[in-house]
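Keeping their order, the protein sequence lines are chains Z and E. First residue of the first sequence? That's 1 in my numbering, and the numbers climb one at a time after it. First residue of the second sequence? That's 1001 in my numbering, and the numbers climb one at a time after it.
Simulated from the structure, these hints should not be mistaken for lab results. Heads up, the beta-carbon is just placed ideally off N, CA and C, and yes, glycines get one too. Among the hints, a few may not be true.
[To be verified] With a straight-line Cα cutoff of 25 angstroms, these simulated SDA-like cross-link-like pairs (lysine to any residue) come out:
#1 E:Lys1147 with E:Tyr1114
#2 Z:Lys196 with E:Arg1073
#3 Z:Lys103 with E:Arg1073
#4 Z:Lys101 with E:Leu1070
#5 Z:Lys196 with E:Ile1118
#6 E:Lys1147 with Z:Glu107
#7 Z:Lys196 with Z:His448
#8 E:Lys1100 with Z:Ala157
#9 E:Lys1100 with Z:Thr194
#10 E:Lys1147 with Z:Ile104
[Unchecked claim] Derived Cβ-Cβ restraints for the label pairs, each shown as a range:
#11 Z:Glu107 with E:Arg1295: 35 to 43 angstroms
#12 E:Glu1215 with Z:Lys103: 18 to 26 angstroms
#13 E:Leu1128 with Z:Lys103: 22 to 30 angstroms
#14 Z:Met445 with E:Arg1188: 28 to 36 angstroms
#15 E:Arg1239 with Z:Gln122: 35 to 43 angstroms
#16 E:Thr1302 with Z:Ser288: 29 to 37 angstroms
#17 E:Gly1043 with Z:Thr290: 28 to 36 angstroms
#18 E:His1169 with Z:Pro244: 50 to 58 angstroms
#19 Z:Phe389 with E:Arg1103: 51 to 59 angstroms
#20 E:Leu1128 with Z:Ile320: 42 to 50 angstroms
#21 Z:Gly230 with E:Glu1215: 35 to 43 angstroms
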Amino acid sequence: MRPRLSTRHGTALLLALLLAAAPGATRTEAQGAGEEQVRKELDLLKEQLRRVEQQMKQQEELIRRLSGEKPGGPAPAPSAPPPSAAAPPPAPAVVDEEALKLKILEELQPQLAAANKTFPAQFNPAIGFIVDTVLSFTSRKDQGNFEFRSGELGISANVDPFVRAYAIINGTNAGGFDVEEAAIVTTSLPYNLTVKGGRFFADFGRLSKFHDHDLPFVNRPGVLDTYIGGESQSDGIEVNWLAPLDQYLTLTAGVYNKVGASNTRVDNTVPRGLEEFTYLARATTFFSLTDAQSIDLGVSNAYTPRVRVNDGGSRNLAGIDLTYRYTPLAAAAYRGLVWGNEFLLNSERQQTVPASDTGPALFRYRDAFGMYSYLEARLTRRYYPGVLFEWVEDLAHPGRVTNAYSPYFTVWASEFQRLRLQYTHLDAPRQRPEDQFFLQWTIIMGSHVHSFRDR
Amino acid sequence: MKRLFYVLVALVALLPANATGARKIRVVATIPDLADMARHVGGDLVQVTSLATGVEDIHAVQMKPSFAVLLNRADVVLLLGLEAEHAFLPALLEAARNPKILRDAPGYIDCSVYVTPIEAPTRIDRSLGDQHPMGNPHINLDPVLGKAMVRAIADGLSRNFPDDAATFHKNAAAYNATLDEAIARWRREAAPLKGKKLVSYHPDMVYFAERFGMEPFGTIEIRPGVDPTPGHIAELKQRMLKEHVEVVVRERHYPAGLAETIARETGAKLVELPAMTGGVPEAKDYISFIDYNVRTMVRAVTGG
């Protein structure tokens, strides 16, 4: 803009010189042209000079206004038209503003590009895939195996303002895919209520709700495998309530076809009477001992009034889970200790003598108790050593006890890749003690949500 | 009957103590920085609680069930945003079942809305570490962005409680004026930091560095959220020696040993800094937190 101003000033200077020269010229050419004519031309030049000066003043005022200066009172409203009829040239402030916009766009462009990459799939659910593979070796048969434990596809999304949904589809060594979970969960019910329906892991105990690859050790504890039937997979409906108290307290009530993915007592596919469903109740609470120490406590009970495979006997499974955590606040990512315990009591009314002509069927209760306890330390962000102890009574012969201890060492290469080495010494009734070795390698691709239940 | 009476007494004792008291706006902030700002903006109208105490790694705050109770009763939740709280807040909000503060609800106040983040990745890929797709979330270390966070809090509270909007904005303006004065002072004090290169454990320090003219040179982590390998450390030390990096920052929630070793072997100064208000006893509020960081850094650089 500076050259343009110089041009204007130059024009004014030229006109001034012409004015200064004009009287002399009239005197030297007095004989050829009339004095009157010269005066008219002079007046015309003066008028032109006045217009140019006025135009210059207007343009300078415009420049000041656009530059944000306020000499002598407030600037006119930005919407006021420019004084000159002709379109004014872009002022410096306007050019600066454009440059600034361009600069901001340049800064934002990478972010916009990153955001736009996923735009066509914005409404697709979040997708994650987990690969869990285990190399195992057992001393009993001196045999090993590469076990493709699971390839697990997890998808989740909000459905509408009222519910969200998720599904876990699992492919295993046995072949084929299984819908491990496919559940609908409410998100906006009043009175602190949440309802879950479909197929999901029932709210029984703690580790029965963990998928295999999420367990702190390679294998699910025997008491959960035999008493619950592995993961607490259930088809049914569950209501959970957070009590409006200062103390954390949740209560769950659920009705299911059965509880336990490999619970063979009940056929999941046939209709049943109300007495053949499994009814669950659970309460959980939490105690903060210090900023760094806490205890989670849960009590669960699953009751099936009539189990067809037991010839009509009932079944009750009760459990207590207790987890102690030490997590120093300033070093939570790389220091800590977890002591997890679950105790289960299975009571089944089983037929011992079938009905006959000589008398009615005889039933008796069989109680079996089992537990596990593990202690895991967090030494760094990568290294998690631990030991698991198990003690489990046989369900059919409660006097027969299996016990096992399993030291293990977990290495987290990153949050999404884990290696685990485990040794298990297994002592089962009527069998030689067995030594087992495992090397587990697990990875997570894509979306991975930190769930409150998996804590 | 007696037993029932005792149970009832116990339940009453567990009920909120101030159930009948004056009802203040319940604000739950994820970190103490936001809690302090909210106290300034809300004044007597708010009752503020912070989930983190300030000594934690914001990416590793524990999901305590007691936090779900706090969030269940909150009128609003203040979060740093840019997915800084991804490891704990989404799951806690789900457990809290409070529709008022769910994501995108009016009570969900994202304090990064007026911030233009830096280090927004152009490619989202886990091989690049634990990325934050929207950009580096450690905005609380820059006091100028702190002003934007204050503005977001005032606007968020006003959105939820329009009757008190004038008070919130007036308080926010007053607090931001105080911050402006402090910022002018920090700029003067931080003059010796200009052009100094720094290595930090995690990319927490980029906004601080940008504000005070320092140059982030690298991180001890091989990628954000991924622990270093021996090869990475060896290469980092070589580059630091070659480029004369003078400062190694250990954010106080990361292990000390490795940062100390790197500083010693490269001749750099080790500076231990909190990443949040409350991270050290001296950083009792947001202004003293920035004060502490600026002065500690200047002292290290000038050898004072």
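Problem - In rising order, the numbers of the hints this structure does not comply with - result: When the structure is compared with the hints, numbers 3, 4, 5, 11, 14, 16, 18, 19 and 21 turn out to be violated.
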